[in-house]
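Next come the chains, spelled out residue by residue.
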Amino acid sequence: MSRVLTIARLTVLEASRRKLLLALAVLTVVVIVLTSWGFSRLPTMKDVTPAEVRLAASQLTILVAFMFSGVLALGSTLVAAPSIASDIESGIALAILPRPIRRSELLMGKWLGLAVLVAVYAALSGLLEMFGIWLGTSYLPPNPVAALAFVAAEGIVLMSLALLLSTRLAPMTGGVIALVLFFVAWIGGIALAIGQAFANDTIINIGVGSRLLIPTDGLWHGAIFYLEPSEVLAAARAAGRARAGNPFFAESPLPFAYLAWVAAWLLAVLGLANWSFARRDL
Amino acid sequence: MEAADAASLAVHTQDLAKRYGKTVALSGLTMSVRRAEVFGFLGPNGAGKTTAVKLLVGLALPTAGEGWVLGAPIGDLSTRRHLGYLPELFRYQGWMKAREVLGLHCELSGMARSEWQKEIAIALDLVGLTDRADDKVEGFSKGMQQRLGLGVALLGRPELVLLDEPTSALDPVGRHDVREIIRQLKARGTAVFLNSHLLSEVEQVCDRLAVVDHGRVIATGTMAQILGQDGAVRVRVTGLSPVSRAGLQGYGNLEDEGEWLTFRGLAAERVPDLVGEIVRQGGRVYAVEPRHETLEDRFLQLLKDQQA
Ligand SMILES: Nc1ncnc2c1ncn2[C@@H]1O[C@H](COP(=O)(O)OP(=O)(O)OP(=O)(O)O)[C@@H](O)[C@H]1O
Ligand SMILES: [Mg+2]
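Quick note, the sequences are listed as chains Z and V, same order. Going by this note's numbering, the first sequence opens with residue 3, and the numbers climb by one from there. Going by this note's numbering, the second sequence opens with residue 2, and the numbers climb by one from there.
Just so you know, not all the hints are guaranteed correct.
To be verified - Cross-link-like lysine-lysine pairs, in silico, DSS-like; alpha carbons within 25 Å at most:
1. V:K98 to V:K119
2. V:K98 to Z:K21
3. V:K119 to V:K23
4. V:K119 to Z:K21
5. V:K137 to V:K119
6. V:K143 to V:K98
Everything labelled a hint here was simulated from the structure, so no lab data went into it.
Construct the complete structure from the given sequences, taking the supplied hints into account.
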C-alpha cells in the first residue's frame, strides 16, 4: 500500500512540476471570473423578474457545469492516456519495475494520483464557480455537492478507461480512442432521450447500451439533476415531448442500480488494466 | 537443478526461452553465475543479451524454462530488494533532480529512511555526479544519465547487479571508472552480470563469461577456457616456396599473410621444431612471436564456427 502512495505522490508531483496544475489553475480562475461577471449582469437586465433571473441562472449554470465536465474529461484523458505508455516507451518504467514493486501497485498508484487530481479540481473549480454565480445572482443550485461528485466521477471513469488503454496502446492512440468513446456516449445519451420521447424501442436500446458501455454521459445526467431547481423540473415535465433530446435536461436522479453498475464497471476496467499490464513484456 | 542448489548461486537458469511472436529472442538458456563473481555475457547484436536480463529482472515473461535469482524464482518481490539493474535504454524522470531520482529508488526498494542520505551520497560519489546532484535530469548529457543509472543500480548494497551495456554512452574516463566500480563490487562480494559487446571491457574485468548467438550459449567458461590452452605463433620468414609453405600446414592452422605466417593451435614445445623445419626448407627466419589469442579472435571464430 505504501508503494501505491509513493507512486500516487509521484504522479501528483509530476503534474505540478510540469506546470500542469499551474496552467489549469490560471485558466480556471480566468474562466470563473469572466463567467461570474456575466452572471452578475443578469439581474441588471431591463424589466427582468427575479423568477426569470433564477431560471436563466439555473440553465446557464448547467451549461457552465457542462463546460467544466468536458474540460475535466478531456484533460484527464490527455494525462492518463500517456501515463503508462510513455513511461514504457521512454524507459522510465524499466528502471522502476525491477524494484520490489508490483506492476499493479504502479498502476493503482498512477490511478490514485490522477483520481485525486480530478476530484480536487472538480471540487475547487466547481465550488468557486458556484460561489461566483451566487455572488452575482443569489442563485444556488439545489445540491451543488452531489452535482460536483457526479462531475468528478465522470472524469474518473474516463480517466480509468484511458489508463486501461495506455497499458497496451501508444499514448496518442489510447487518447484518441478514449475521446471518441466519450463523444459517442454523449450522442448515445441524446439518442436515448429522443427514443424515450417517441417510445421507440430500438433507439432506446441503442441509447441504454451506450450508457452502460461508457457511463460518462449517464453520470453527466446524474450531475444535471442536482443542478435543476424544482420549478424547472415541473415546467419541463409539463412540456412533454418538446424537451426531447435536450442533452442538458435530466428528469430524475440516477437509479441505484445504475450507480451499482458504474461501480462494477469501474472495478472491471481497473481489473482488466491490471491484468493487461501484468502480462505485458516491457 | 533444485531450488536449494540455486540458492548458493547469484543466477541460475534452466532452458529459459523467450519468443516474441515468431522471433526467437532466447532459445533455451542454461547457465549459472556464482555469487561475488563478475560474469560477462557476450554476443553480437540481436543475440538475446538484453532479453536474458529482462527475463531475470521480471520485465519480460519467459515462454518456457525456469530461472532463479539469488535463490528465488525470477520475479520474486522480496529478492528484488537485493538487485541493482541498469537498463540498456536508460531514462529517468527528467523533471526530477538526480538526488530525487536516487531518493525515489531508495524509497521503492524499501530502504530505511535514515539510510537514504548516506546511500545517495555514496552512489553519487561512485559515479562522479556529486556536483550535479541538484540539477534536473532533463539537462543531463547522455553519459551523465548513464552514470545516474549506474548510481541507481548501486543503491543499497545489492547482492547482484545486472548491467546492460553500462558504458555505451561513456567517455574513456567513464569506461575506466566503470571497470573500477565493477572491481569494487566484486571485492565486497557483489555478483555482477555484465552484458556487453565491448570485448576488451569483458576481457579486463570478467571472471567467467558466456558467448551467446541467436539466443543460444555457444561457449561458456573462464577466460582461459574460452580462449583455449593452445596459443598461436607468428613467424616472419622469407625465401619459402609456396610448396614448402603448404607443407607447414601440419604444425597448425596456418594463416599466410605474405612475410608473416601465423600458426594457430600450436603447442609451445613444438615451436623449435617448426623453426627447424622452416630453416631446413630454405626459409630465413627474422622473428618468432608467441601470440596470445585475443578474445576478439576467439569471439569471431566462435561465431564463424556457429554459422558453418
Ligand atoms: N519487444 C520485442 N518485440 C519483438 N522482438 C523483440 C523484442 N525485444 C527483442 N526482440 C528480438 O529478440 C532478439 C534479441 O534481442 P535483444 O534485444 O535481446 O538482443 P541483444 O543481444 O541485446 O542485442 P544488442 O547487442 O543489439 O543490444 C532480436 O531478434 C530482437 O529483434
Ligand atoms: Mg541489448
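The hints, checked one at a time:
no., hint, in the structure
1, V:K98 to V:K119, "holds (17 Å)"
2, V:K98 to Z:K21, "holds (16 Å)"
3, V:K119 to V:K23, "violated (47 Å)"
4, V:K119 to Z:K21, "violated (31 Å)"
5, V:K137 to V:K119, "holds (20 Å)"
6, V:K143 to V:K98, "holds (15 Å)"
Checked against the numbered hints above, the structure violates hints 3, 4; every other hint is satisfied.
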